[in-house]
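Enquirer: Protein chains in written order, with this note's numbering: chain A, 1 to 430; chain B, 1 to 276; chain C, 1 to 422.
Among the hints, erroneous ones may be present.
[Said to hold, decoys possible] The calculated lysine to aspartate or glutamate pairs, modelled on DMTMM-like cross-linking and capped at a C-alpha distance of 25 Å, are:
(1) K295/A / E62/B
(2) K102/A / E62/B
(3) K102/A / D218/B
(4) K278/C / D380/A
(5) K72/A / E52/B
In case anyone wonders, no lab produced these hints; they're calculated from the structure.
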Amino acid sequence: MKKTWILACLCILLFGVTACAPDRSGQLGGAGEGGNDGTSSNNEASVNSDGTGQQQPDKLVIWSNDDAKHLKVVEQLAGEFAADTGVQVEVVPVSGSEQVQKLSLAAPAGNGPDLFYQPQDRLGDLAVQGLAEAVELSQQERAEYSAAALDAVQYEGQTYGFPISIETYALYYNKALVDQPPVKMEDIAGTYASLTDAGQDRYAFLMVPDFYYAIPFIMNYGGYIFGQQDGKYDASDLGLNNEGAVQGMSAYASFVKETGIPATMTTDVMDTLFLEGKAAMTVNGLWAMKPYAEKLGDDLGTAPLPTVNGEPAPSFVGVKSWFISSYSKHPEWAKRLALHLTNAASSEVYYEQTGEIPARPDAQQSIADPLYDGFVQQLDSGVPMPNIPEMSTVWAMDDAVDFIVQGEDPKSVLDETTEQIASQIKASGR
Amino acid sequence: MKSRLEVTGIYLIIGLMTVVICYPLAWAVGLSFNAGTSLYSSSMIPKEPTLEHYRWLFTSPESNYLTWYRNTLYVSTVSSVLSILFTSMTAYALSRFQFVGRKSGMYAFLLLQMFPVMMAMVAIYIFLNLIGLLNTLIGLIMIYVGGQIPFNAWLVKGYLDTISRELDDAAKIDGAGPIRLFIRILLPLITPILAIVALTNFMLPIFDFILPSIILHDKSKYTLAVGLYHFVTEKYSSNFTVFTAGAILIAVPIAGIYLFLQKYFISGLAAGGTKG
Amino acid sequence: MKHRPWIAVGLSLLFAGLGQLYNRSYIKGIILVMLELAFIITFADFIGLGLWGIATLGTIPKLDHSIFLLVYGLLSLIMLAIAGMIYVLNVRDAKKEAEQLASGWERPKLRERMKQAYMTSMPYVLSVPGFILLLFVVVFPLLFAVSLAFTNYDLYHSPPRQLVDWVGFDNFVSLVTVPIWNQSFMKVLSWTLVWTVVSTTLQIGLGLVLAVLVNDKRVRFKRIIRTILILPWAIPNFVTIMIFSALFNDQFGAINRTLRDWFQMAPIPWLTDPLFTKLALIGIQVWLGFPFLFALFTGVLQSISHDAYEAADVDGGTRWQKFRYITLPHVLFATGPLLIIQYTANFNNFNIIYLFNGGGPAVRGQTAGGTDILISWVYQLTFTTNNYNMAAAISLIIGVIVIAFAFFQFRRTKSFKEERDH
Chain A
1 MKKTWILACL CILLFGVTAC APDRSGQLGG AGEGGNDGTS SNNEASVNSD
51 GTGQQQPDKL VIWSNDDAKH LKVVEQLAGE FAADTGVQVE VVPVSGSEQV
101 QKLSLAAPAG NGPDLFYQPQ DRLGDLAVQG LAEAVELSQQ ERAEYSAAAL
151 DAVQYEGQTY GFPISIETYA LYYNKALVDQ PPVKMEDIAG TYASLTDAGQ
201 DRYAFLMVPD FYYAIPFIMN YGGYIFGQQD GKYDASDLGL NNEGAVQGMS
251 AYASFVKETG IPATMTTDVM DTLFLEGKAA MTVNGLWAMK PYAEKLGDDL
301 GTAPLPTVNG EPAPSFVGVK SWFISSYSKH PEWAKRLALH LTNAASSEVY
351 YEQTGEIPAR PDAQQSIADP LYDGFVQQLD SGVPMPNIPE MSTVWAMDDA
401 VDFIVQGEDP KSVLDETTEQ IASQIKASGR
Chain B
1 MKSRLEVTGI YLIIGLMTVV ICYPLAWAVG LSFNAGTSLY SSSMIPKEPT
51 LEHYRWLFTS PESNYLTWYR NTLYVSTVSS VLSILFTSMT AYALSRFQFV
101 GRKSGMYAFL LLQMFPVMMA MVAIYIFLNL IGLLNTLIGL IMIYVGGQIP
151 FNAWLVKGYL DTISRELDDA AKIDGAGPIR LFIRILLPLI TPILAIVALT
201 NFMLPIFDFI LPSIILHDKS KYTLAVGLYH FVTEKYSSNF TVFTAGAILI
251 AVPIAGIYLF LQKYFISGLA AGGTKG
Chain C
1 MKHRPWIAVG LSLLFAGLGQ LYNRSYIKGI ILVMLELAFI ITFADFIGLG
51 LWGIATLGTI PKLDHSIFLL VYGLLSLIML AIAGMIYVLN VRDAKKEAEQ
101 LASGWERPKL RERMKQAYMT SMPYVLSVPG FILLLFVVVF PLLFAVSLAF
151 TNYDLYHSPP RQLVDWVGFD NFVSLVTVPI WNQSFMKVLS WTLVWTVVST
201 TLQIGLGLVL AVLVNDKRVR FKRIIRTILI LPWAIPNFVT IMIFSALFND
251 QFGAINRTLR DWFQMAPIPW LTDPLFTKLA LIGIQVWLGF PFLFALFTGV
301 LQSISHDAYE AADVDGGTRW QKFRYITLPH VLFATGPLLI IQYTANFNNF
351 NIIYLFNGGG PAVRGQTAGG TDILISWVYQ LTFTTNNYNM AAAISLIIGV
401 IVIAFAFFQF RRTKSFKEER DH
């Protein structure tokens with residue numbers, strides 16, 4: 001037995017001789033990445049690439065969201081780009097929710113895209129891991145996008161993404177049941193009491209009781225998620241249990257109770273009830289418009305969220321964007337492609353086919369469909385969802401919302417949850 | 001009299017179980033004929049039944065269902081054939097030969113597989129990428145075939161152990177080599193347990209959505225499970241009715257297989273499992 | 001010239017096959033030399049990189065990708081281990097042959113030797129392909145997961161931007177010292193144990209009872225009945241769990257609706273009260289899990305010989321006594337290892353907990369949901385903040401617990417004892 005060990009050690013020693021640091025002189029990293037020459041030269045390229053014309057690549061790879069509508073429009077726009085420039089674009093459908101995880105494995109392995117698609121709230125993750133490349137936009141290029149959208153794709157002072165579309169939630173109502181959308185949240189319970197009869201599954205107003213939809217209450221009473229300093233989020237400053245947040249959540253709890261919103265409401269149930277004409281109003285995102293409009297037709301109306309505490313309700317705003325992969329060998333060309341995909345003409349095509357609101361003021365103005373009015377107005381009072389990685393811990397607030405809706409004391413629940421969030425942020429390794 | 005009462009009792013219990021089993025299944029079937037995309041419905045039998053979801057699966061240009069079905073059948077068939085090959089070879093060695101590491105090796109692997117593998121997928125990804133099998137059905141098959149060896153080799157070995165060695169000796173006297181002995185004499189005798197190995201490995205790719213969702217990128221390469229899973233995980237566009245319709249179309253043939261292979265299934269499983 | 005074994009050993013240590021050449025086994029020698037040459041030529045670069053990589057995990061951020069290097073390193077170690085085993089065999093073979101030659105042993109004819117080699121190598125030839133596959137598919141990912149437990153791989157030490165480093169036992173230390181980890185641990189562990197024991201025992205019990213009942217010779221239509229009873233097995237689990245999740249919705253689920261319409265019952269808080277969620281989870285797991293055991297037990301029952309029962313009849317044993325003293329011990333003893341695997345599988349049954357209610361409902365003052373078991377709790381805590389290192393560390397602990405349990409149980413089963421008696 002002992003002998004076997006000695007032999008094994010000997011073998012390892014023998015090979016150990018070769019086990020020294022790979023030689024990185026000359027062609028940078030050629031040996032260092034075990035055949036992934038692409039990897040290192042990419043980085044090189046992206047470092048010195050500012051402005052200087054890069055050689056025209058044969059092909060760019062772009063990861064599109066995988067649902068059929070997006071895919072189709074991206075393919076169409078990419079085709080235009082190819083016709084204009086002669087650079088072929090391969091559009092690969094990858095589910096939006098899986099792109100970051102897949103990218104972190106695929107890109108270093110040399111299977112990654114040049115350009116990929118993400119909502120801005122993942123930006124922190126992308127930047128910290130070094131998966132997305134910061135971009136330089138000229139003054140003229142910046143002017144194309146709405147200021148709010150550009151803000152949302154900034155992380156630690158640098159701009160990363162090319163905003164495609166901007167989304168939020170607003171009020172949908174069934175004109176057959178409701179003449180005028182409500183102006184104040186606080187009035188809903190009283191005004192539409194006759195429309196609610198839980199025994200018959202009839203509801204005047206439904207929204208899913210979770211943090212995402214409860215944020216207007218927290219903010220309008222003086223709560224906040226992260227404090228901000230010099231335009232950057234400060235994750236050590238949590239405003240989710242300050243006096244305002246506690247008041248806001250108390251108001252929220254009584255709102256939910258008085259309006260008769262079931263505590264276990266889910267989006268799926270809410271949609272069914274609304275489509276069946278059993279719910280008169282819902283709060284939902286732009287993504288629900290198509291199925292709603294198909295079923296309700298002209299009876300469907302939208303409006304900005306009713307005010308909370310006398311102020312317009314700040315809903316969470318998401319900005320879907322193109323990001324350039326740090327592993328792209330042709331970041332300059334990827335940028336050109338991204339600019340093409342988000343220019344005025346493309347944005348209109350994008351809007352027509354996906355129904356998403358473009359992140360450009362000019363394209364927003366040309367939307368003729370009155371159904372969009374509610375959303376476009378709501379965008380003015382929206383707040384971008386924080387894009388720092390610490391945001392992922394804040395969703396623990398969903399549980400807090402549950403507890404408070406079930407009647408527990410807002411102050412102690414919020415204190416507990418905030419402490420949990422803080423300790424999770426601490427344990428996350430920053 | 002007592003006997004009749006007992007039999008009635010047994011039937012009652014079986015009847016109750018049938019209700020418990022069929023209740024959710026009936027809901028699932030009902031849902032698949034329901035209009036809309038939601039999992040909620042006011043009645044088990046839809047008021048306005050529609051074949052829309054089934055039609056969508058087969059005819060919509062956006063649907064990859066048939067491709068997924070084909071991929072799944074391919075992965076299932078190949079991996080069940082390869083599993084039989086690898087498993088029976090390993091089990092034969094374990095049952096009929098003495099060699100270094102035989103005793104503990106098998107149990108060690110069985111135990112190792114109980115380890116929770118949350119982080120292991122990353123390793124498999126990088127490994128498959130290294131050998132160029134990422135995003136291929138072959139890579140997926142390889143992982144399935146490798147992963148099933150310990151458990152199934154243990155089952156088959158158990159079965160082989162029950163077969164008397166006098167047969168082996170007789171064959172050896174007739175001049176049969178170990179390979180011929182195995183193929184001509186033993187293999188026919190262990191078909192029941194091999195049927196189980198084949199069946200379970202045929203099922204695995206149909207049921208598993210975790211591994212393929214990591215290994216396969218292209219929608220055109222998806223297997224059914226991962227494809228269906230995507231219908232319900234997209235945050236804002238989950239489509240439960242199509243999901244259920246797709247799932248039912250998987251379950252029906254499987255239930256058929258169970259029905260027809262039941263005899264093999266039950267006797268093989270027992271013999272392998274008890275003697276392993 | 002006298003043949004010296006130590007020269008053979010030394011030569012084959014120096015380079016595989018040289019000893020065999022010295023022993024004048026030319027074919028074997030040449031094959032071994034070629035093997036080693038091929039191995040070195042093909043893999044030297046890769047193994048060099050891999051060993052350097054696993055030792056340092058990279059030195060230049062963005063250029064070196066620590067996780068890839070770790071994988072290369074582990075693969076290199078596995079390849080070295082395989083090569084090492086062959087090397088050991090090579091040296092042993094050289095030594096044995098040289099000793100035989102030195103003692104004046106006559107070498108048999110080539111044909112004879114080939115035949116002998118064929119017979120001795122048979123078990124290896126048969127099991128090596130499977131073994132190699134196992135090394136790469138089972139052992140290697142496991143080694144990777146274990147390695148991560150000793151690194152600082154989290155969001156802020158993520159390649160490509162940052163390097164990952166070895167940190168020794170730091171993660172295990174913070175497991176004990178950082179509040180979010182140690183706070184809920186005991187609570188989660190105790191529910192995990194209750195969950196494992198209750199749900200598995202119930203599914204085994206139900207499977208057994210039904211198998212015995214259906215096996216009764218007075219029962220007709222056995223084939224149909226058995227098919228119905230194994231039906232839950234025919235549908236992908238994740239599909240059924242999601243459908244159950246909808247059926248159990250407090251307000252809109254079919255179950256509460258049925259209870260209301262038929263029995264005028266108030267809605268049961270299936271998804272909002274931890275106790276009821278636990279009951280629902282156990283019920284669903286039994287529903288999902290019993291068919292396999294039913295099929296298994298049915299087979300076993302058919303294999304019990306009638307002699308024992310007849311003897312019991314002669315002694316005037318009651319039916320219960322026959323079940324208690326003949327059927328039960330036989331069935332449980334015979335299927336022991338499979339039953340153990342059932343328990344360990346439920347201990348780590350992530351899918352059902354996660355898909356049914358996401359580990360919820362939430363419970364105040366703890367990071368774990370009311371029905372989180374260890375594995376789902378770890379998943380939720382580590383993946384929201386990308387603490388891969390902690391996920392790996394806790395997985396390691398869970399793995400050790402499960403394997404230790406299974407190991408001791410295995411040793412008590414019949415098949416293992418028989419195995420050792422060989």
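Enquirer: Against each hint, give a clear statement of whether it holds in the structure.
Expert: Results for each hint:
Note on K295/A and E62/B: the hinted pairing holds, with a Cα-Cα distance of about 21 Å set against a maximum of 25 Å. A hinted pair counts as satisfied when its Cα atoms are at most 25 Å apart, and K102/A with E62/B qualifies at roughly 23 Å. Of the supplied pair hints, the one linking K102/A and D218/B holds, its CA atoms being roughly 12 Å apart against a limit of 25 Å. Restraint check: the Cα-Cα separation between K278/C and D380/A comes to about 45 Å, which exceeds 25 Å; the hinted pair is violated.
Among the hinted pairs, K72/A with E52/B is consistent with the structure: their alpha-carbon atoms are about 23 Å apart, no more than 25 Å.
Checked against the numbered hints listed earlier, the structure breaks hint 4 alone; every other hint is satisfied.
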